[in-house]
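Number of protein chains: 2
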Amino acid sequence: MPQLGLLPRRTCAALLSQLLRRAACIRAVGCHSQVAQAMLTSQLKSHQEKTNFIKTPKGTRDLSPKQMVVREKILDTVISCFKRHGAEGLDTPAFELREFLTEKYDNESGLIYDLEDQGGELLSLRYDLTVPFARYLAMNKLKKMKRYQVGKVWRRESPTVVQGRYREFYQCDFDIAGQFDPMIPDAECLKIMYEILSELQLGDFLIKVNDRQIVDGIFAVCGVPESKFHTICSSVDKLDKISWKDVRYEMVAKKSLAPEVADRIGDYVQRHGGISLVEQMLQDPRLSQNKQALEGLGALKLLFEYLTLFGITEKISFDLSLVRGLEYYTGVIYEAVLLQTPAQAGEEPLNVGSVAAGGRYDELVAMFDPKGHKVPCVGLSIGVERIFHIVEQRMKISGEKVRATETQVFVATPQRNFLRERLKLIAELWDAGIKAEMLYKNNPKLLTQLYYCEKTGIPLMVIIGEEEQKAGVIKLRLVATREEQAVKREHLVAEIQKRLSVLSLA
Amino acid sequence: MPQLGLLPRRTCAALLSQLLRRAACIRAVGCHSQVAQAMLTSQLKSHQEKTNFIKTPKGTRDLSPKQMVVREKILDTVISCFKRHGAEGLDTPAFELREFLTEKYDNESGLIYDLEDQGGELLSLRYDLTVPFARYLAMNKLKKMKRYQVGKVWRRESPTVVQGRYREFYQCDFDIAGQFDPMIPDAECLKIMYEILSELQLGDFLIKVNDRQIVDGIFAVCGVPESKFHTICSSVDKLDKISWKDVRYEMVAKKSLAPEVADRIGDYVQRHGGISLVEQMLQDPRLSQNKQALEGLGALKLLFEYLTLFGITEKISFDLSLVRGLEYYTGVIYEAVLLQTPAQAGEEPLNVGSVAAGGRYDELVAMFDPKGHKVPCVGLSIGVERIFHIVEQRMKISGEKVRATETQVFVATPQRNFLRERLKLIAELWDAGIKAEMLYKNNPKLLTQLYYCEKTGIPLMVIIGEEEQKAGVIKLRLVATREEQAVKREHLVAEIQKRLSVLSLA
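Here the protein sequences line up with chains G and Z, keeping their order. In terms of the working numbering, the first sequence opens at residue 150 and continues consecutively. In terms of the working numbering, the second sequence opens at residue 150 and continues consecutively.
The reader is advised that the hints may include incorrect statements.
The list treats identical chains as interchangeable, and a pair is accepted whether it falls inside one copy or across any two copies.
Stated by the list, open to error - Within a straight-line C-alpha distance of at most 25 Å, the following computed BS3-like cross-link-like pairs (lysine-lysine) qualify:
id, residue 1, residue 2
1, Lys232, Lys301
2, Lys573, Lys619
3, Lys301, Lys204
4, Lys590, Lys232
5, Lys520, Lys204
6, Lys377, Lys523
7, Lys215, Lys390
8, Lys377, Lys390
9, Lys232, Lys520
10, Lys222, Lys232
11, Lys390, Lys204
12, Lys293, Lys590
13, Lys403, Lys387
14, Lys207, Lys301
15, Lys523, Lys204
16, Lys293, Lys550
17, Lys520, Lys647
Keep in mind that the hints were calculated from the coordinates and are not lab data.
Hey, can you work out the whole structure from these sequences and the hints?
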């Protein structure tokens, strides 16, 4: 171990942070080398004492006021779009009966947060908003519903916080449940994704589309044994991160798939295109023999027709490598990726993964319904955290300033002993619905008050002093221009409202 | 056991529900009489099979779309008020490191939901928004902040669901942290409570005010032994539910307080009034000898002066019986109660307890800060769930209708094979920012479409059929009046926007 005492402060800090990270790794891989642990612990302890480990749980974070403004803006855009498409709101508890969550997420179940058995029911934190929605439909025997839900979900994943991946994160879901004519709700879901990603101005994006039936069909005609469907699926899923060569290696060497089967799969899953690729696949000699594949391709053909009417096909790509991880999808699946972040040249590229995804899940509600009644569903989920990360980065780069409050008017005085006057005045403003602040001091300095307005971006000041009081007026000051005007006390509220509407702040 | 088969259905249902309740009781008190349990279990099992127990966890609930609209409206009022007073937003994780929550809630710690130890940190769901706020301040070394936070908190209380009491519920908190001149932030908190309760139109209300230092002073001068401070405090806390006679009995018979001490306490805690009672107490021969009481009374005197300037004293009552349960309060405390629900005569009175509460807590941040640095705080919390319950009841009584969606326009057709036309048209509306819906059917009946609009309250319809298509127009129909007008296709969006602004729906 290096001797920390001999290193310059900055090196020492860097080293400690490295040690901390390494310690986290060691915990993560479950290594218990006692010597290494003891050495680290002693280093960490003194570091912790220095930085005083008050923290949020691993993989979670607070959102500061300025971050809140950014997130609110994103959520507003998303929710407005959901409402534009006629969705109703829904809220479900943060936790569900544990039995309702298990077996819904396949091999991801280990990532569910369980609550301690404190006597009573066995509970777990929700893992997404889809399963609670299905539970809600079954519980209330609803046969159709178009709903949106915005809320936190929790997953015990190893957090890669830098890429906007957390253990606690927001999801914004829109789903259409009900037995309808094919592909009409599915097309609307894609339209919604298109609208939201366009409005958020995240830069160029692409929505990849496929169908679970096509995936199954391809695997069947290529000769994947049914026992290997699942694991080969998860290999294909990696094609957006690693090359086909590496995926093929994994399939053949690690998962013992016959090389010729892998090659056949490779022929399909490396293709992507528009409606013409759908047509081409419909003519494919092998695929056209498979009932499932044919059904999926027929569905996509119709979907593309509707998307053309919506005018959004330029952003849609039929991508045969898209498989989507979650177990419950049964039909069309989709995932939106950013093609390029709005970052300028010379910056590190942001790898944020998919920013929205979804698909059709026709069997999930039946899993809850005691009689197994089906309610077909299709929906989408917006990845707020990742979008937040991009917007935040963009604002940092552009130097765009965010106000953490919406205060319109500041009530100030240049004199001592004017607290009571200020209190009366500010109450009048509040009662008129004006957003107003003052300093909680008996005798604040005028400079401090001016500085507060400039720092927090409050556009208007009302100033009251002896002189004004005698004349029955109040001074109204525009913070930006420093222009001041005396206003009769009784006209103050009206005058402020006029000014705010000019500033478009009313 | 009664034989269920011989009883009429309704009696049987009532009996089962009684059994269920009793079963819950048995669990709660930890009774394990195996015979009783076995008997109940067999009854319960058949009951459960019948009702198919898909449910939300005990003490939690879903919020249906119409309920969501009501809650959103309440939250909007609350948040608007917080913003009017210059508060910044903040978000903290749903769970915290367990060690941060313990010892903050005194004897209520048993009500905290713990997460299972799944390898990693020990976590618990937050119990309120105050402790996470204090943790945030200490962690970020912030010396002042005015913030609001709206979010769910979780408490494992025996839920009395009918009174709007849940294990998962929303809190809306506003707090001012920082070293300021006395009582200015405290007065603003009361002003905020006044504004919110007035705006929500919940009927007449009263804000009870006291000071922890006065409570301590009274107990000291009455001769309560220090070891009994706490338990006597909790007896006094019951004075809003039971009579002084019963409280006195509890103190003397159950808690072995000397009768003359109890009587002295009774002399004080049964009083309430305005500023004149503060003055009177300041002259009280015993109380005026106690330093703490004097400080508290001095604080309240100043507070009342500021509240007079704010014009809200008619709703404020200095109430010596108010003690507030939570451990962390150190100064002024307050609690708002509804004097009368807006329900009409002949209805069951709603007992919803306090709808807002708060106080000063000057020591909490220091509990997190490793060097024990103090950050004085004062704040309030709005009890959304209880308010929601009242508003919901009021709406039920008045028959007021709530729309679950905001859809402005419905796209309909009277003809078969007009799906493509409808899709093109609705996309045009969405792209113009108009909230629009259509049925997901290839060939819906016109009557079904009309009925959908009436049922969901959509005010406008655009109708497209062969005739209109030939003439290059669209029919615009006002659902309420059934008045129809042909509009040129290219003017449709503008015409709709005009109509919506007339309807004040734009």
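Comparing the hints with the structure gives:
no., hint, verdict
1, Lys232 with Lys301, "both (19 Å within a copy, 23 Å between copies)"
2, Lys573 with Lys619, "within (16 Å within a copy, 67 Å between copies)"
3, Lys301 with Lys204, "both (19 Å within a copy, 20 Å between copies)"
4, Lys590 with Lys232, "between (45 Å within a copy, 20 Å between copies)"
5, Lys520 with Lys204, "between (47 Å within a copy, 16 Å between copies)"
6, Lys377 with Lys523, "neither (28 Å within a copy, 61 Å between copies)"
7, Lys215 with Lys390, "neither (33 Å within a copy, 43 Å between copies)"
8, Lys377 with Lys390, "within (21 Å within a copy, 66 Å between copies)"
9, Lys232 with Lys520, "neither (33 Å within a copy, 49 Å between copies)"
10, Lys222 with Lys232, "both (15 Å within a copy, 15 Å between copies)"
11, Lys390 with Lys204, "neither (33 Å within a copy, 40 Å between copies)"
12, Lys293 with Lys590, "between (58 Å within a copy, 13 Å between copies)"
13, Lys403 with Lys387, "within (14 Å within a copy, 69 Å between copies)"
14, Lys207 with Lys301, "both (16 Å within a copy, 20 Å between copies)"
15, Lys523 with Lys204, "between (45 Å within a copy, 18 Å between copies)"
16, Lys293 with Lys550, "between (44 Å within a copy, 21 Å between copies)"
17, Lys520 with Lys647, "neither (63 Å within a copy, 49 Å between copies)"
The earlier numbered hints that this structure contradicts are 6, 7, 9, 11 and 17.
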